[in-house]
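> Start from chain W and add chains X and U according to the hints.
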Amino acid sequence: MSALETFLNTDSKSMESILDVKQLTMDFGGLRALDHLDLTVARDEIVALIGPNGAGKTTFFNCITGIYNPTGGDVLISPPGKMSGQRINGIKPNHVTERGMARTFQNIRLFQNMTVLENVMIGRHCRCKSGIAGAIFRPPSTRREEKQIVEDSYEVLEKIGLTQFVNELAKNLPYGAQRRLEIARALATDPFLLLLDEPAAGMNPQETLELDELIVRIRDQEKVSILLIEHDMKLVMSLSDRIYVMDYGKRIAEGTPEEIKNNPVVIKAYLGEDIDA
Amino acid sequence: MIKLDEIKQSILVSLWFMVLTFPIMVIRVNPIQKEIVWRWHNLLLVGISTFLLSFLWRHMIRRKELGRKKAEAGENGDTSLLQRIAENRRVYVPVVAGVLVIAIIFPFVFGLYQINIMISALMFVVLGLGLNIVIGLAGLLDLGYVAFYAVGAYCYALLNYHFGLSFWLALPLGGLLAAIFGIILGFPVLRLRGDYLAIVTLGFGEIIRMILENWNEFSFGPSGIANIPRPSFFGIDFTVHSATQFMYLLVLALTVFTVFMVNRLQNSRIGRAWIALREDEVACQAMGIDKTRTKLTAFALGATWAGMVGVIFAAKTTFVNPASFTIWESIFILCVVVLGGMGSIVGVIFGGLVLILLPEYLRAFSEYRMCVFGAVLVIMMVFRPGGLIQMPRRTYKFKSESPGDTSHQVATEGGQADFARS
Amino acid sequence: MDWDYFFELLFGGLTRGSIYALIALGYTMVYGIIELINFAHGEIYMIGAFTGLIVATILSVLGLNQVAVLVLATIAAVGWAAMYGFTVEKIAYKPLRGAPRLSALISAIGMSLFLSNYVLLAQTSDFLPFPSLIPDFEFMEPIAHIFGSSELVIIITTTVVMILLTFLIKYTKIGKAMRATSQDMRMAMLVGVDVNKVISMTFIIGSATAAIGGVLIASHIGQINFYIGFIAGIKAFVAAVLGGIGSIPGAVLGSLVLGWTESFATGYISSDYEDVFAFVFLVCILIFRPAGILGRSTTEKV
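So the sequences go chain by chain: W, X and U. Just so you know, the first sequence maps onto residues 1 to 277 in this note's numbering. Just so you know, the second sequence maps onto residues 1 to 422 in this note's numbering. Just so you know, the third sequence maps onto residues 1 to 302 in this note's numbering.
Hints are not guaranteed to be accurate.
[Claimed, not checked] Calculated pairs, SDA-like style, for lysine to any residue (alpha carbon to alpha carbon, straight line, at most 25 Å):
#: 1; chain 1: X; residue 1: Lys69; chain 2: U; residue 2: Ile91
#: 2; chain 1: U; residue 1: Lys90; chain 2: X; residue 2: Gly47
#: 3; chain 1: W; residue 1: Lys129; chain 2: X; residue 2: Glu279
#: 4; chain 1: W; residue 1: Lys268; chain 2: W; residue 2: Gln23
#: 5; chain 1: U; residue 1: Lys90; chain 2: X; residue 2: Thr255
#: 6; chain 1: X; residue 1: Lys397; chain 2: X; residue 2: Asn321
#: 7; chain 1: W; residue 1: Lys92; chain 2: U; residue 2: Arg289
#: 8; chain 1: X; residue 1: Lys34; chain 2: U; residue 2: Ile221
#: 9; chain 1: U; residue 1: Lys90; chain 2: U; residue 2: Pro100
#: 10; chain 1: X; residue 1: Lys70; chain 2: X; residue 2: Leu56
#: 11; chain 1: X; residue 1: Lys70; chain 2: X; residue 2: Arg384
Keep in mind that the hints were calculated from the coordinates and are not lab data.
Here chain W stands alone, though its shape is the one from the complex:
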């Protein structure tokens, strides 16, 4: 156990872990994509997962969100205020989201022919109840719920700063806005943990700066913890409380940005990639 992990096991409530991944292993036929990986995210933390291309980072996301059923290991979540230590191996993705872990995708997967507002409204889907009967008869409860959905969605858009696009089709948005919309949509599901897969990919420095502020804002104001995969080292160093480094499916390092920056194993894995301060 590292010093940090010992520190984390103190009774301080704000340090309780909300995501606990133990010895996660994923095999695809003969290929081992994840090899006994350990990872934790504590409450109010921003944790980054970095590593060279092909290290298995997105596979990791897919394993903990139910898209793949891991070959071995445990994925345990402890949503604040709910039962702790829930094992979610192999649970379908929509149930994972219901339990409070939402994600964005490496390649943007917005609902292109729906408006910005509608995209976020889909995020609210799992927090609502009305079904077929509600749709057909539109009782007051359904009408109230629908109105609430629109209001909540607009609120999320305000927080993310996309209200100027509210009625625009998602496919017509500029790239940076599309990435932020994915985050907005995930945020609308009311998660306790947000998984961001390369949120800064393709963004220019200005947009990346804004993204930095946004993520911190989300953590501070919405009380949502963040686990992100990212290649932009500047962003990672600036944002993260802790960093995990992966290579070939294994965890090769873990620590604070300072520790990681100077870790020879990490530098070797990246082989010449500059880690800026």
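Coordinates of chains X and U only, in the frame set by chain W:
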């Protein structure tokens, strides 16, 4: 002003077609008696018509390209007349009311033949609306929709034959049974993608038809079931003419009911889930939507309408046999949906009306009917792939703060919901 | 166990499968390249058969011997079918390349309707008797009741076509271009492949094989009719999907499986439900292998 180049091109096209169609059009053989008939006049016919048509085709393609370039450059075409009507409530309501009034008076003004055609047209409108849920909204390519239609029809026919079930009981029962079948048929295809889904559903349609045709003890095979009673109305004795009028009003009522229901479903939480499913299945699931449940609901709800129309079909023709439920029916309903402009209720209504009424009035060409129909399909798709009525989906729009403090919801035909923030 | 019967069914299934294969190839190739279910493909098969019949009749009236008639009629059928395939693509599919998939499907359906009725109008609705063009080989005499000359010719032809096609796809430049286009059309365009030519080529080859099938089976069964395209088309398409649409060996495998299923099911169980077996079998396979037997299960990268 026609350029020389174009004339040359058209001549080449014409020559190509003359060679292409030479064996089929010009030569007719009788292999037994070894007779060969040469019909050179056909060659001339092909040559001249293709020459002229090529000009027309070229012109239309050019217009299409121009339209597309304009759209790409960002010049949005003028919103069509229909769109403007639908958006403006003050125009919209009287128009719909007017149409309804005409529709209701119709059977009392026109003759038996016309009424029957309209009944068929409206039946296909309802079928189209049902299929629209599955294909247009949820994006599931179902080519075996006719199976549910058959379920409804045979449900009434058999239950009436064995237990004397009345029409009015059979109607909802047929819908319910079809919905159950929708779920049964939906289960195996949950994992299938696009075209695999299409072929399997096509297979289901055929399987059901073949079972009906061959399982004589159950369905009386190819000879079908006859003497199915028409719907009664508080025991009034109908003449054939007034029975047909009654049937028409019934179908009209069903159509209005269906439009209402589909509109409600479309603009609800479940409607949005369907559209999200169509757009991106993976993202949809990641956002907490249960993929399985959403798909099965689409199948079931879509099938319900087919079941009900099936019951009506049995009552209308008083006779059912498997020959009425072939792949062609499924394809026809598909054409209603696509031709009418997928996803739009108004479009499907138009599609149904056009596709039934057009061949009726083309009866003059009788022999050439199917040929023309096929050609029309191709031409429609080449020049208007979005369908006859291209109404973009009415999306949820957000209106910013207004002085009023009560929030109200207004749902229109196309389903625009305006919410004013309080 | 009646071995004679068994082998009769075995070879019968093999023959059926071969014919389905010749048609299924066209479906699977077109689908692999432009992701379109070419509903009109069955009609091309039918047109091939008709053209073969017409040419064969003329030639036999002129007095040529049986083999020459067969060969020349087949060449004529192939030539014209290729022309039809090429033309259909240019009119009904090329303009729809960017359009929603469903629109292209409807266009294909329209084409299918148009072509079958065109032949109906220009020719006849009757069943036209097709002369048996395939000569009876003497060495087949002893087993002719199980496995006749025409079956042999069909199977050999299909095998030859398969080998030639595989050779074409694997070792020629156009084959490479076809593979590239089917994997990523835009990229192929960017590296200089003439995508239009490749697509036309695909249609031409597919139509050609279907026409060969048309002439052979018509000769085997003895009659043709404007409607045969529809049924054969559906079956062949089922076979292509069964084997994994987009995969050429898959089309052949699927066709053989379908042919044998039909043959044995009708032979041992009941001939009424012939078509049902095919579809039920298809459904079962697709439930367990959604991409077909040899289908490239494209696992989306999330």
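> Give a verdict on every hint.
Here's how the hints hold up against the structure:
Using a Cα cut-off of 25 Å, the hinted pair Lys69 (chain X) and Ile91 (chain U) holds, with the two alpha carbons roughly 21 Å apart. For the given pair, Lys90 (chain U) sits about 19 Å from Gly47 (chain X) by alpha-carbon distance, which is consistent with the 25 Å threshold. With a C-alpha separation of about 22 Å, the suggested pairing of Lys129 (chain W) with Glu279 (chain X) holds against the 25 Å cut-off. With a C-alpha separation of about 24 Å, the suggested pair Lys268 (chain W) and Gln23 (chain W) falls inside the 25 Å cut-off, and the hint holds.
Restraint check: the Cα-Cα separation between Lys90 (chain U) and Thr255 (chain X) comes to about 40 Å, which exceeds 25 Å; the hinted pair is violated. Only pairs whose Cα atoms come within 25 Å are accepted, and Lys397 (chain X) paired with Asn321 (chain X) is rejected, the gap being roughly 48 Å. At roughly 20 Å between alpha-carbon atoms, Lys92 (chain W) and Arg289 (chain U) fall within 25 Å of each other, so this suggested pair holds. Between Lys34 (chain X) and Ile221 (chain U) the alpha-carbon distance is near 19 Å, which keeps this suggested pair within the 25 Å criterion.
Between Lys90 (chain U) and Pro100 (chain U) the alpha-carbon distance is near 17 Å, which keeps this suggested pair within the 25 Å criterion. For the suggested pair Lys70 (chain X) and Leu56 (chain X), the alpha carbons sit about 21 Å apart, so the restraint of at most 25 Å is met. Taking the CA atoms of Lys70 (chain X) and Arg384 (chain X), the gap is near 15 Å; set against the 25 Å cutoff, the hint holds.
Checked against the numbered hints above, the structure breaks hints 5 and 6 and satisfies the rest.
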